[in-house]
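Colleague: Residue strings, one per chain:
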Amino acid sequence: MAIDPEAQFHVLAVDDSLIDRKLIERLLKTSSYQVTTVDSGSKALELLGLREDQDVSSPSSPDKNEIEVNLVITDYCMPGMTGYDLLKKMKGSSSLKDIPVVIMSSENVPSRINRCLEGGAEEFFLKPIQLSDLIRLRPYMLKGKLKEQQPSQHQETNSAISSSSNNNSKSNKRKAMDEGLSPEKTRPRFSSSSLALVTYEETT
Amino acid sequence: MLPLCSRVLLSHPFSPMSLMALREQLNMLVNSMYIEGLLDQQFQQLQMLQDASSPGFVAEVINLFCEDAERILTELTKDQAVVDFQKVDAYVHQLKGSSSSVGAQNVKLACIQFRQFCEENNKDGCLNALNVVKHHYYLLRNKFDTMLQLEQRIQAYDSKQQN
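Line by line, the protein sequences give chains V and E.
Heads up: the first sequence begins at 1 in the UniProt record's numbering, then just goes up one per residue.
Heads up: the second sequence begins at 1 in the UniProt record's numbering, then just goes up one per residue.
Keep in mind that a hint or two might mislead.
Listed next, the in silico DSSO-like pairs over lysine-lysine satisfying Cα-Cα at most 27 Å (straight line) [to be verified]:
| id | chain 1 | residue 1 | chain 2 | residue 2 |
| --- | --- | --- | --- | --- |
| 1 | V | LYS43 | E | LYS87 |
| 2 | V | LYS22 | E | LYS143 |
| 3 | V | LYS43 | V | LYS29 |
Don't read these hints as lab results, they were simulated from the structure.
One chain only, chain V, in its complex shape (with noise of 0.2 Å):
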């Protein structure tokens, strides 16, 4: 598939589960950014660069399956290295520290969330992900990019960004720990010729 021109950023996404791989590819490719999927933590950890038993990326191979990402998102159930053990390998690694890091769980778990925002963790979101979720990502990515590219001039916008994405952070943990949605009362109504395209009724 044809690397997208517009897209300007690149998340790296890591689940166990095959169809939250899916997902979340569809999720991130839907709001124009680059994808990659994997697994697991360890490879994760690989793909950018760091062996699980260093903690600085190899000098001897600096390219060699490196990639340029400007957010990873993580499950955090997942077997061998949970999405916290990456965290913190991650915040541990000087090449990989700055890196946002958001986590996902299908659990609501108000001191997991916790550990996991005191442990570097930009955000951490409740599974099923939506699409709505995805918009929180943009200013972690941006401060990312500000910072590779103009390391004097990112302190003013950095505290905009960043006083912006603590509002983010604590609206979250509340989504985080409210219970599911309240339901509809109406449904979308679409007009298209397959699965993509129901029209709905309006529920009572």
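Assemble chain E onto chain V, guided by the hints.
Modeller: Relative to chain V, chain E alone:
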């Protein structure tokens, strides 16, 4: 009680049913699945993600879900004499996750109940819960099969029209 148009569809698979009638049938099927609790809002999300650039997305996700679910149900059906609650719980957790991602509401709820029994180390509860999950899964799968067949016919009709 199936409406007349779908009885015609089932008995004469090659009759030139109009595109509009096919769409109507698909809409009615999907709506009924929402009303009966087989599907929830998450399935709507999937539908929204399907577009011209990924016309097979919903079908692909449904197929992946069904393969995964059947693999898990097969594993869970083995060795019912001795229940390894941790192992069973891990499988049910997986199935709960994928059913949640697909919008398979009844299956997801049945999995949540099932995990409850695992936590309580309740063997009879688990065996019963497995049957409940299977019941909801196979009900759903039958409707998914019909849904995908209808979608295929609609999409084929569309491309025929364009030729």
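Colleague: Could you tell me which of the hints above the structure violates, numbers in ascending order?
Modeller: none
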